[in-house]
Amino acid sequence: MDDGRPETTGWVAVRWLAAFGRFWWDFLIGDTPELFVGAVAVIGVLAVMCLRPGLRTAAALLAPVLVAGVLTASVRRIARKRNP
Amino acid sequence: MGAATPTGAVVLVTAVFLASAVEMVEALTIVLAVGVTRGWRSALQGVAAALAVLCALVVVFGPALVHWVPLSALRLVVGGLLLVFGLQWLRKAVLRAAGLKAKHDEDAIFAEQVAELSAAPAARSGRDATAFAVAFKGVFLEGLEVVVIVITLGTTSHRLGMAAVAAGAAVVVVVAVGLVVHRQLSGVPENAMKMGVGLMLVSFGTFWSAEGVHATWPGSDLAIPVLVAFYGLVAWLLVYALRDATAPGADGLPASEGSSHG
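In order, the protein sequence lines correspond to chains A and B.
First residue of the first sequence? That's 0 in numbering that gives the first Met the number 0, and the numbers climb one at a time after it.
First residue of the second sequence? That's 0 in numbering that gives the first Met the number 0, and the numbers climb one at a time after it.
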């Protein structure tokens, strides 16, 4: 892409970093940001629960329920798009 | 913990083998299209270069993660990564099974690739840059997902070698079948395999991300197959409910809907 700026090492590095960031964004988030946000939220809830040692087994048992909720919400979003 | 027991190892090998097989079926379609239209020499050079880069990524990053990152941090990050990755695979497989998204059609992709490659100008002499680039890109991009799965599952369970061998075995099987049938593998039940991989990735992701924040799994590693069964039931219920809700006059969303994986 010729935008008039000289191809300095720094400029090439910035472009490379931007492409690298864009690749990981597409790879992890893409057009399903709700899955990324949901997974992070689930881990956050588990981390808070695990601060109390007495809740560590309960946190493990709750984990799949929360993850299933994230998946269901994401799938239902598409179903609603199709059948508003 | 994790896949340190035979139960965990079986799930790990199955997940890596299936993921690798699915991605290699897709890569094979591209390579066949390149070979048929542009010639095999440059196509195979592109394949060899891509496989070499993918192997190098596993060799460089796998042991580095094991040696330099603390295990609980590794499990938290890798668990989160597998959770996101697995949810993307599972979501897409559920939507396809429910008829809300077009299934992957290797015949259509092959025809499209052949048409595009035939239209490109022919190489004057020596290496065909177009054939090399398309074959390299096809194998590298499909294989990159496998590399992420091999590194994450392999390092966290301290079975990197086993994960790499499982992925390599899948490549050999797909290539061997491709050589025998001499065409793209359109009869492979790709969506069922993707559903299986998604279930296992989400299960490992749940297990390790919870372990990473110090949750305690009842039954330790035996929780992994229980998680696979639980998520399998959830996926089945979702497909059943969505099919029921969308059955009359279902025309489906285009194949491009959803994330870029699978």
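Any given hint could turn out to be false.
Claimed, not checked - What follows is a set of in silico ranges between Cβ atoms, one per label pair, in the way DEER data are often shown:
hint, chain 1, residue 1, chain 2, residue 2, range
1, B, Ala48, A, Leu60, 31 to 39 Å
2, B, Lys136, A, Thr56, 45 to 53 Å
3, A, Trp23, B, Pro217, 31 to 39 Å
4, B, Glu115, A, Val36, 18 to 26 Å
5, B, Ala47, A, Gly53, 50 to 58 Å
6, A, Gly43, B, Ala47, 37 to 45 Å
7, B, Leu43, A, Arg51, 52 to 60 Å
8, A, Gly53, B, His157, 26 to 34 Å
9, A, Gly43, B, Pro217, 16 to 24 Å
10, B, Thr13, A, Gly53, 55 to 63 Å
11, B, Val59, A, Leu54, 35 to 43 Å
12, A, Arg14, B, Val179, 54 to 62 Å
Simulated from the structure, these hints should not be mistaken for lab results.
Keep in mind the model is a prediction, meaning the values are calculated, not measured.
From the three backbone atoms N, C-alpha and C, an ideal C-beta is built for every residue, glycine too.
Hints and how they fare:
no. : hint                           : verdict
1   : Ala48/B - Leu60/A: 31 to 39 Å  : violated (47 Å)
2   : Lys136/B - Thr56/A: 45 to 53 Å : holds (47 Å)
3   : Trp23/A - Pro217/B: 31 to 39 Å : holds (35 Å)
4   : Glu115/B - Val36/A: 18 to 26 Å : violated (36 Å)
5   : Ala47/B - Gly53/A: 50 to 58 Å  : holds (56 Å)
6   : Gly43/A - Ala47/B: 37 to 45 Å  : holds (44 Å)
7   : Leu43/B - Arg51/A: 52 to 60 Å  : holds (58 Å)
8   : Gly53/A - His157/B: 26 to 34 Å : holds (30 Å)
9   : Gly43/A - Pro217/B: 16 to 24 Å : holds (22 Å)
10  : Thr13/B - Gly53/A: 55 to 63 Å  : violated (35 Å)
11  : Val59/B - Leu54/A: 35 to 43 Å  : holds (39 Å)
12  : Arg14/A - Val179/B: 54 to 62 Å : violated (44 Å)
Of the numbered hints given earlier, the model fails hints 1, 4, 10, 12; all others are met.
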